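Let's have the full structure, built from the sequences with the hints guiding it.
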Amino acid sequence: MAPPAASQRYPSPSQPSGKSEVTDLKSQLRQLAGSRAPGVDDSKRDLFKKVISYMTIGIDVSSVFGEMVMCSATSDIVLKKMCYLYVGNYAKGNPDLSLLTINFLQRDCKDQDPMIRGLALRSLCSLRVPNLVEYLVGPLGSGLKDNNSYVRTIAVTGVLKLYHISASTCIDADFPATLKSLMLHDSDAQVVANCLSALQEIWSLEASHSEEACREKESLLSKPVIYYFLNRIKEFNEWAQCLILELAVKYVPSDSNDIFDIMNLLEDRLQHANGAVVLATVKVFLQLTLSMTDVHQQVYERIKSPLLTLVSSGSPEQSYAILSHLHLLVVRAPFIFASDYKHFYCQYNEPAYVKKLKLEMLTAIANESNTYEIVTELCEYAANVDIAIARESVRAVGKIALQQYDVNAIVDRLLQFLEMEKDYVTAETLVLVKDLLRKYPQWSHDCISVVGGISSKNIQEPKAKSALIWMLGEYAQDMSDAPYILENLIENWEEEHSAEVRLHLLTAAMKCFFKRPPETQKALGIALAAGMADFHQDVHDRALFYYRVLQYDVHVAERVVSPPKQAVSVFADTQSSEIKDRIFDEFNSLSVVYQKPSYMFTDKEHRGPFEFSDEIGNIPITPEASGDIVPAQQFEANDKDLLLSTDEKDDNKGVSITGSAYTAPSHDNSNISSQMQELAISGPATSAATPQSSFDFDDIFGLGLSTAPAPTPSPPLLKLNPRAALDPGAFQQKWRQLPISLTQDCSVNPQGIAALTVPQSLIKHMQSHSIHCIASGGQSPNFKFFFFAQKESEPSSNYFTECVINSSSAKAQIKVKADEQSTSQAFATVFETALSEFGMP
Amino acid sequence: MLQCIFLLSDSGEVMLEKQLTGHRVDRSICAWFWDQADSFKSFPVIASPTHYLFQIVRDGITFLACTQVEMPPLMAIEFLCRVADVLSDYLGGLNEDLVKDNFIIVYELLDEMIDNGFPLTTEPNILREMIAPPNLVSKMLSVVTGNASNVSDTLPSGTGSCVPWRPTDPKYSSNEVYVDLVEEMDAIVNRDGELVKCEIYGQVQMSSQLTGFPDLTLSFANPSVLEDMRFHPCVRFRPWESHQILSFVPPDGQFKLMSYRVKKLKNTPLYVKPQITSDSGACRVSVLVGIRSDPEKTIESITLSFQLPHCVSSADLSSNHGTVTILSNKTCTWTIGRIPSDKTPCLSGTLALETGLERLHVYPTFKVGFKIMGIALSGLRIEKLDLKTIPPRLYKGFRAQTRAGEFDVRL
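Protein chains in written order, with the working numbering: chain Z, 1 to 841; chain Y, 1001 to 1411.
These aren't lab readings, by the way, just hints derived from the structure by calculation.
No experiment lies behind these values; they were computed from the predicted model shown.
Virtual Cβ for every residue (Gly too), placed ideally from N, Cα, C.
Among the clues, some could well be false.
[To be verified] Below, in silico cross-link-like pairs of lysine-lysine (DSS-like), each with a Cα-Cα straight-line distance of 30 Å or less: (1) 342/Z - 1264/Y; (2) 356/Z - 1263/Y; (3) 1273/Y - 342/Z; (4) 1100/Y - 92/Z.
[Claimed, not checked] Where chain Y lies over chain Z, by a calculated footprint (3+ residues, C-beta under 8 Å): (5) 48–56; (6) 76–84; (7) 158–172; (8) 392–402; (9) 409–422.
Structural data, given as structure tokens:
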């Protein structure tokens, strides 16, 4: 973050530096304060304007607060507005002086003119000074009953503001009930909409500690209320319509008729001029029909055209937001835009961020029927003046090539790129050709002949250089001068700054050596020597490893470094399907733009007011997390292709290879899952070490204490906090730090095992016992859960549990770690009891 | 829920700050934003270390909104667009000086447009009733009447009416209603001269000054050409659904009644034939422009502009009709105007490449501009406009025009 002083970052020369002008203003205001001379309003207005303009450019004018308030006695509405604006800005910092404003604001709240009543009420609620809330209740109460809808609208929002300043005052005054009755009976749509928005927020926040608020919140989603809103949705303004549509998304329809009724009511919303309304409607449609496959497909057809119009008709910023959503849809239903590919052709004047998304769309919708046209179009962009887009286009062509079966024409195009002799196009293309060869080795002949003609001197980018070197090593026997090119490169070892390239040089030299020993021997020797003297740890280690392996047995070395390869069938997707589903659930939100579910980028405290109910237990379900399989897989993978390891290190965004038995851990977008792996690996290790050492310790000192504390006849009943919260990072940290205080085996009853087919059910069940799941994973028969709980009385005392359930043997093993070790037995009892009740009716 | 809106000048100075909720957003966020690299900064949605930022840029002014909670991104962007539209409408344009001179009005407008972070009233007609625009007329009025307030005394009735876009009962001595068909043609011609994409984005713009509560119906002679429509909230959906008739109670003043798209057009009114040959460090350029399919109306304001590739060191271009200008940023514009009857406009000349380059590898894209008055190229025709109750002295008017939107000819 920039330093806080940044508010004065860009002072223009004409701006006053502050002090003297402010004092000047102060005295002038003071003179005018008492005056009733004619024309005084005009001079006041000039002064006020000056004050506000200082405030606007960031000069602190809070020192004239008193004078401003004194001058506020006026009938001029513009003066009033400026005064309200000023007071609203500085009241929070001057709570004592704010008391002065209460008087005139309260008086204005009773003004004849509804506009003044409304504005005064709005300002009064915007003061946000906690010790003044008592003065708010009266005016708000009468504001809610005002006969003018403008005032009521403002009063309703005022209630919400009051709630945020002092929730108890708001609840004590019974405002939520008043809002509810206004919401259901007021004639003005805007009042109703504001009631809805305020109540949603208040009840969501209250729901955590009030049963009643919870019920009220549920009642907003009841059929009559939903239909009450949907039937009159046209009366609301566009923004309120968005609000109602968001509410409708959460509604659970009773049957298919219900679904069709709602869709009929909302169909014309798809034609609304406001894109936000259209997108909110699309979300309702998609969510409603999730369970009805046929209808869901029809929905895609129906929403296609409005969405495409939005893309091409709005401002670039709007297009960007829409395109992000289209990309999500296309991933789920690639066919929907397949025939509309021309909509995603880039126009010359579009900003780069729109072009980039359009390229992604073109890549995603390419299929047998349109590939030729799309690739032709993309090739035109490669000659584009905009270098970034040209690069993206080449990459897009490559991606399409990798996802198609018929790559004939595409390979030709890619090879033509190499002939364009533009360094950045060549660089991108080389990387792609490398990936293509890994998937389609049969093309090696054509590719190699072209690649062989490229001079390595023209390629500077590490990625491209690595790709070229990889090909030189891999196809050394087909490229006559491969050893000599490599030799050249190795001679310039010192000038090669990228460790990635140096790693590839080592491997390529090895591979080349196995194929053409006499020609490469010298170069390999130089490379190994240079590598072992390298400062980079990985390069050094790899060189040393190669050296030793060669020393041991050349044939073994060949089997290790250059085994026969299988073609890659599918490149790993960087996003797991769970994450994609989750983003889809969050359609029409920031998640879509960032391509991450909201829990990955918003703090819990900042999650939307309506997201608070989202319990942490739902968070990550990662099948890779099963601890005992992962390390083995990684080992195998590392052996299999050394290229992979560098690829992953240096570019965890890029596509990584997958062998048949290997699933690449998806680094980029599921950091939770990789955290989970660390957890899973570190867990058992600690468990083995800790008890051992504690025993030794005891023996040495001959204390002879029994490890169990004095037999407690019945451990004091442990009360757990039902709403404990902990973020995965903190959990992980604690899990690492704390020793295992208890390991226990228990059995799970058969009903429980049966219910475990959906691991979610256990999470829910444990939650009802105030034990929260932070992460879970595994596949039948082995499931693994991480739980945590918190002592009701002491929020700092947490319990952490790893629970491994084997569903075939109906056994569970729990490991407990606790902040307060002495109570872990008590907690384990609670845990075991809860677990034993799982599956019981 | 937005927490704060900033208006930044094109030098990054904060011109205006409007806090919307109890959570105060520090201005330093703007400095952070301004210091980001251009490629990152241009994105409409940005995650800063503390807030999520939405931005749109209009005429050099950046409208920046901050939030910390999850919300529909399109809603924030739509809202900012609306703010920009309303401001430029009020101030008669958008630039730094206008905003700074009228910042009180901007504050007043924002105050009515958004409350507690949630958009409230964004209908220009309603806002106009609450806060008078700072135009010449109101200045005159204030001098004459001595009432200098730009705030109307009465509260807009529209805020309470069930037709939120229309004030109750405006009165006019002469009643006028005008319908404008405004179409933009987007087209892409590829390297082989094929028309790969050609579509029309059109709008029905209206200007209505009608007394009372008029109920209008507008019908087209050939509504079937329309592909996808978006309507102003005043349009009733069912009559369109069943008979393709637009039935509505119009807002007062100017507004956009509907927008539509017409896809897969077969022809553009103009052809552009560029040719570049390059050999041993020099290129020859020739571009021909002519009428492909005569729209039966004059094609006006024809322009052709393109960016010379970076590797071009100098250019010598001339034309047999119109004027050619080359700016220092290597943008070349050829202003043709109308096509003369006696010859085909032709731009020709040579480009010198930077030393060491033999051939040209990067090709420019030509952007075509034109305007045709009196015709909608999509072929859409208005059949009639009816009023349920005809007021005295009614004038109805219809116009149409087509202009080039994004018309790219690639080489």
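So, going through the hints one by one against the coordinates:
For the suggested pair residue 342/Z and residue 1264/Y, the alpha carbons sit about 10 Å apart, so the restraint of at most 30 Å is met. Using a Cα cut-off of 30 Å, the hinted pair residue 356/Z and residue 1263/Y holds, with the two alpha carbons roughly 23 Å apart. The straight-line distance between the Cα atoms of residue 1273/Y and residue 342/Z is roughly 22 Å, inside the 30 Å bound, and the hint therefore holds. The suggested pairing of residue 1100/Y with residue 92/Z holds, with an alpha-carbon distance near 26 Å, which does not exceed 30 Å.
Counting residues of the segment 48–56 of chain Z whose CB lies closer than 8 Å to any CB of chain Y gives 4, so the stated coverage by that chain holds, three being the minimum. Here the segment 76–84 of chain Z counts 5 residues with a CB under 8 Å from a CB of chain Y, which clears the bar of 3, and the coverage holds. Look at the segment 158–172 of chain Z against chain Y: 4 of its residues bring a Cβ nearer than 8 Å to a Cβ of that chain, three or more, so the hint holds. Counting residues of the segment 392–402 of chain Z whose C-beta sits closer than 8 Å to any C-beta of chain Y gives 0, which falls short of three, so the coverage hint is violated.
Judged by the Cβ-Cβ criterion of 8 Å, the segment 409–422 of chain Z is covered by chain Y as claimed, because 3 of its residues qualify and three suffice.
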